[in-house]
Each structure stands twice: as structure tokens, then as C-alpha cells.
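Following the hints, complete the assembly by docking chain B onto the known chain A.
As a plain string of letters, each chain reads:
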Amino acid sequence: MIKAAFKQGFMVLCAIYVALPIMVVCLSALNGGRSMLFPPEDPTLGRFVDFFVNEPVWLNSLENSVVIALSAATLAILITWPIAYDQWKKDTTFSKVLASLAGLPFALPPIVFGVGLSFLWTFIGGLGNMLTGILSHTALLAALPLVTISIGLQSIDRAHLDAAATMGASEGTILRTIILPQTMSYTLSGFFFVVVLSFHEFIVMFFVSASSYATVTLQIFNSLRNGFTPTMAVGAITFLIVSIIVFSLTARFGDLPRLMGADQARKD
Amino acid sequence: MSYPAAASDIQVGRADGKSASAFIKGLGLSNIVMGVITAVILFVFVAPFLLVLVVSFGEKIEGASWVWGFDFSNYIRVFVGVDWPNSVTLLYTLKLYYTLAYAVLGSLIAVGFAFPFTYFMTQGSRRSQAMWLVFVLASLSMSEVFVVMGWDILLSNRSGLPALLKAVGVTDWLKETGWLTVLRDWDLASPRNVKFKTSQLATVLTMAYLVWPYAVILLFAPLSRIDRSMIEAARTMGAGSVTVLRTIVFPAVRLPVFGSLLLLFVYLLGTYVTVTYFAEPAHQTLPVSIYESIRGATLNAPFGAAQAVILLITAGIFIGFSLLLARLAERKA
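For the record, the sequence lines run as chains A and B.
For the first sequence, position 188 (counting from the first letter as 1) is numbered 188 according to our numbering, and the numbering increases by one without interruption.
For the second sequence, position 283 (counting from the first letter as 1) is numbered 551 according to our numbering, and the numbering increases by one without interruption.
Be careful, since some hints might not be right.
Said to hold, decoys possible - Derived pair list, reagent style SDA-like, types lysine to any residue, alpha-carbon separation capped at 20 Å: (1) A:K89 - B:G303; (2) A:K7 - B:R514; (3) A:K96 - A:L78; (4) A:K89 - A:Q182; (5) A:K3 - B:F383.
Worth flagging that the hints you see were computed from the coordinates, not collected in a lab.
Since the model is a prediction, treat every value here as computed from it, not as a measurement.
This is chain A alone, in the form it adopts within the complex (with noise of 0.2 Å):
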């Protein structure tokens, strides 16, 4: 019982940590004047009229940020998707090597990747330029579908294959009516996974964006020189009940512990 009652008591107090400054965040955006205060003074819900009415700035970073999260879950997925497939079904040297080098940017500090790619995309031009953003965040995002895919692949019943092909399906055909199908929700998590981290992402948008567009992470960092205001907060709301929703979906329609690699065995 006392060991139980520990046990949730630790867990309890490790979500209270976390959520903590979370909840500060949230509960401050309910502040009546301008400056955040914990807890908020003359609460109102006049900032969230702010973010989406009221102040152009917020509106127009909040499209940029989901038209680049958009785009770049979407080209993940296509640049990702071939590789992942490639590795599963003929698992060569260069199909190892490929999958390697598209994990590198996320795997390594992303700050020197964003110097990179802020040298890449000067001298190419396009430094600035949304469509760049894009690409960059694809590039440094890509690990995300391109894990989930493989788990998708490696998690296809090897005899639905077998009896396919026995029966005479081209590749293509298995690809269309086994493969797609039965990696679908992996690709989904994998898509969603570049979205909700694209929302968040500051560093590497930081440097390509060259202060020429803003996300909405990029712009709450620029307007802190005039420190936090209750209405970043409501940005940071926003975000967060994405975040919530999409990972509640994955749960739901995908098989979350299997995805973050538990044991399929067990189902309890």
C-alpha cells in the first residue's frame, strides 16, 4: 500500500514539475494590464481578442508558422517515405547510408545546422524567403517520419507479403493494397510528429528567416526585448492545445507505447 502509494505520489509529482511553468504560462495570459504576473491581476480574456483580433503581427505569424509546418511535414513525408521503403525491402549499404545522413541534422546540435544552412541559403539567395524556411525545417525534421515509417514497415506481417505474392501481386499492387494501408497511421504520427516540433522549433528558423518573416516562436523571442506580455502567452496556448490534440489523436488512431518502441508482446 505505502509502496502504491509512493509510487503515484513520485509520478504525480514529476507531472506537477512539468506542467508547472506550463500552467504559470497559460494562466498568465489572463492578465488585465501588460506586464506578467503570477497570479494574474484583473483577469480577463481581452489578450486572446489581442493574439487573433486585434493584433495583425500575431495573425500573420500564426499563418506563417502553420504554412510552414504544413509544408514541411508534407516534403518530410515524400523525402522520407522512399528511404524508409528502400532500407526495409533491400536493406544495401547505400540504403543505410542514405537513412543516416537524413537523420544527421536532427541528431546534431541544431544550432550548427542553422549556421549551414544560413550560409547555404545566402549564396544560393533565398535567405529569407519563406520557401527556404521550409526546406530548412524539412531537412533538420525529416528523422521523425522517416523513424516512425521504419517502425510502420517492420511492423507488416511478413506472411500477408508471402501470400500476396504467391498469388501473384506485382510490387506495386502489394505497395498499394498491403504496404500504404498497414503503415498509414505510422506516417501520420511521423507527419504530425514534424508539425508539432515545426510549431515549437526556434533556433534554425531563427537564422534562415533573417528577421524577414516570422513564426510565432520567433516572434514571441523578438518581442521579448520589450519583456513577456500576456499576449505571447496566448500563443503559447495555442500551441500547446495543438500539441495535445494531435499527440491524443496519435493515441487514439495509432498505437502510441508501440511507437515510442514498447513491447508489441504485451497488451494489457
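Just chain B now, kept in the frame of chain A:
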């Protein structure tokens, strides 16, 4: 007279068309797709790192931009200062030291708290595991900017922990017992109250906070794969929780735990926002001075690139270690 020529033109055109489509067929659609993807990977994923390396050998021109070059002066400047060998300045070596120190402490604290949490989590049902994972993932996706915003409020002197401590009376107690003077020596208090901004403690704790969810995700897989029947067998034979941890759990996850520590350490090497906000200028790290050199006040791209290369090499060494560990773990399994 022009008619035959035209006819032959048409024929040539036809032949070309045929051979082009035959060429594509011979190559195979999949090869073309893979070729395009390989080009994109090399150009956008790999080239930036090579550019950083190449630029780091360049030379800054006073009052202008910089030119290509090939000398090691930027690296010499990072390690022993610009005036070497006449005098030695360890300014940037010190920055490298802080980069490493913060990252080591941050990752140790994060794993220290994440390990028991994840161990307890994997003992729950599949459903509760999924719920905890959603919680952890949502907090993981919080940008460094938002996290710093939260801790900034929590640690600020006007409203936050110092104000709370004062209201509860802890501050007065600290003053009476003399602990406040000790805290001032540790740079954690002003004459009037405790303060956490700016302090190394706040920097390290915020860094630990940043990677705690990653630590849970990394430890989740190895901990959830531990054979439950072995634990149950040990229990029936009368082993206590400590014995179970020592003889079954720790040996099974020793390598993954060490591997996660390395990965989190590498991740923390690049922390930027936390350090600019919570560390005073004298205690700041390489990423901050990289930014200063590339985009900030000093504008010396080759020097910034040299610092980035040093950060990259440091990260590369530790990633190499963690890959080695992963291979060891695989061989053991």
C-alpha cells in the same frame, strides 16, 4: 527540296522520343525517385555542415565581410585567444567549459528523475501508459522559448518563487540563521531576498526540465521490454524491490541509460534561449557566442563557424560513443 530534310527531322524526333522513354524505363521509376532524393539529402541535409567547416577556415576583413581562406587562426583564437603566442586568453575555452558543464549536469538531473518515473509508468496498464505518453509528448513539444517564459515567471523576483518564499517567511528565517549570506556567496541571493535570475542553478534546472520528457521517451522502450516474468519469479523467491532493481532492472537497462545520458547531453550542447536568459554574460556558452559572431554584434562569420565546428566535433564524439553503446547493447540482447 526541303521535304526529305523535314521528314528526316521528324524521324530523328521520333527516335529521340522513343529512346528517352526507353531510357526512363531502363532506369526504372524507383531509381529516378531515389536519385532525386539522394540529391536533396546531399544538398540540403549534408551540405550545410560542410559549408560550416569550409567557412571556418575563412578570414574576416575589418569593416567588410569575409573571404575564403585556409588557415587555423580562428581555431587558435577559440582555444588560446587572438594574441597567441604573445599572450593566452581562455575566454572561449571557458565558454566551451560552461557548455559542457551545463549539459552534463542537466542531462544527469533529467535522467535521475526520469528513470524512476518511467519505471513506475511501465508498470501501469497500456491505457495509462498511453495517457502518460500524451502528457510527456505534449510537454516535450513545448518550445524552449515557452519553457523559458514559464520559468522566467516562476523565478522572477516580483512574482514567483522568491516572492513566495518571502510571503511564507522563509526569507526572514534565512536572514536570521545567516543562510542568506551563504546563498549570496553562491550567487543565489541579493541582500534582500533569494534570487534565481540570473544564476547557474536556474540555467541547469531549466536545461534539465527541457530534456526530462526526452529522457522518459528514451528510457520507455528499454524499461518496458524488461521481462516481467523474471521480476515475478524473483518476487516469489522472496526478493525485495531493491534486490529486483539491483539484479534484474539495472543490468538490463545499464547501457540504454548511459546511451540516453549521452544523447541528452548532445542535445543540451546546443541550448541557446535558456542560457541567454538565465546565465549572466560571464557564464554563457558557445551557442550564444556563435550567434553573436554570425548574426549578432561582432559579425565574424568564419570565427562563428569555427566555434560551430568545435561544437559539432564535441557532439560527434559523444554521438559516436552512444552508437557504440547501442551496438554493445544489441550484441548483448
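Practice item. Against the structure, test the hints numbered earlier, and report the numbers of the ones violated in rising order. Key: none
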